[in-house]
Amino acid sequence: MKINSTVLLTLVLLILMLGAGSVSAFLGFELGSSALKGVTTPDGRPTTKFASSKTNNSNSQQGGVALLKEEEILKVVKARIEGKTKAAKSEKIDEDDEETNSSKQKPEEKPPAVVEEKPQPGFPVTAQSEGVTMIVQSARYSGGDLLLKVKMQNKGKDSVRFLYSFLDVTDDKGRTLSASTEGLPTELPANGPTFSGTVSIPTALLDDVKKISLALTDYPAQELKLQALNIPVER
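Numbered according to the working numbering, the sequence shown spans residues 1 to 235.
Simulated from the structure, these hints should not be mistaken for lab results.
Even for Gly, the Cβ is constructed at its ideal location relative to N, Cα and C.
There could be a bad hint or two in this list.
Unchecked claim - DSS-like cross-link-like pairs, simulated, lysine-lysine; straight-line CA separation at most 30 Å: (1) 173 - 155; (2) 225 - 118; (3) 155 - 78; (4) 149 - 78; (5) 75 - 157; (6) 225 - 210; (7) 157 - 225; (8) 173 - 157; (9) 78 - 151; (10) 151 - 37; (11) 155 - 118; (12) 210 - 173; (13) 155 - 75; (14) 75 - 149; (15) 75 - 118; (16) 225 - 211; (17) 211 - 157; (18) 151 - 75; (19) 118 - 37; (20) 149 - 118; (21) 149 - 225; (22) 118 - 151.
Unchecked claim - Have a look at the derived ranges for each label pair, beta carbon to beta carbon: (23) 159 - 210: 20 to 26 Å; (24) 32 - 6: 21 to 27 Å; (25) 81 - 35: 58 to 64 Å.
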């Protein structure tokens, strides 16, 4: 009886597969057992855990690591806070003492004395008419002009109006000079305060002039006439 070649081949393959499976299983078991050597199951008993925790605590204390109690920590923090507070209070007291001493040491500052300006020679030059007063207080040269400081006041019963384009300025040789005003009021109220202003004259017109005169009348009535004569302007 002849064996079929296909059946024989199938049997050979089965035998080889079984052999290979057996060898791989054996090798896997050997490798697993060698890998698990030294591994033990954990001890779940509470007495063992408590004993091991005591052992670990004793080992940590023997190793030099000391754990502070909560009460000691609070005492240390409280002492530091009190120390800082006392230091801040002492610094504040020292600063207050320094400020008090410095305030005591500083002399009382006196207000500067007001120095009255001495009048220039030949000043003031005063003109009066119908209760109205015009005073030329000083004369000085500045910026190419002669500046006359003038004050005006009305002590009469009626207000007075002026038009300063009618202001006559003449030199000591009778020549008429051009002038401009600044700050002088166009109307002086009755029994009013004193008003101040300036009269400006170009210096180019005053080369050989030693004295000038001012003449002013009210507008439009022209009932009064203010004349300030012989005002010294020599440089």
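Taking the hints in turn, this is what the structure says about them:
1. 173 - 155: violated (33 Å)
2. 225 - 118: Holds. Residue 225 to residue 118 sits at ~29 Å (cutoff 30 Å).
3. 155 - 78: violated (83 Å)
4. 149 - 78: violated (77 Å)
5. 75 - 157: Given that 30 Å is the threshold and the Cα spacing comes to 91 Å, the pair is violated.
6. 225 - 210: holds (24 Å)
7. 157 - 225: Holds, because 17 Å separates the two Cα atoms, which is no more than 30 Å.
8. 173 - 157: Between residue 173 and residue 157 the Cα gap is close to 37 Å, so the pair fails against 30 Å, i.e. violated.
9. 78 - 151: Not satisfied, since the Cα-Cα distance of roughly 78 Å exceeds 30 Å.
10. 151 - 37: violated (122 Å)
11. 155 - 118: The hint holds at about 26 Å.
12. 210 - 173: The given pair, whose Cα atoms are some 10 Å apart, holds under the 30 Å limit.
13. 155 - 75: Since the Cα atoms of residue 155 and residue 75 sit roughly 88 Å apart, the hinted pair is violated (cutoff 30 Å).
14. 75 - 149: violated (82 Å)
15. 75 - 118: violated (79 Å)
16. 225 - 211: Holds, because 20 Å separates the two Cα atoms, which is no more than 30 Å.
17. 211 - 157: Since the Cα atoms of residue 211 and residue 157 sit roughly 33 Å apart, the hinted pair is violated (cutoff 30 Å).
18. 151 - 75: violated (83 Å)
19. 118 - 37: violated (120 Å)
20. 149 - 118: Cα-Cα ~14 Å, so holds.
21. 149 - 225: Holds, at about 19 Å.
22. 118 - 151: holds (17 Å)
23. 159 - 210: 20 to 26 Å: Hint violated: Cβ distance 36 Å, outside 20 to 26 Å.
24. 32 - 6: 21 to 27 Å: violated (39 Å)
25. 81 - 35: 58 to 64 Å: holds (59 Å)
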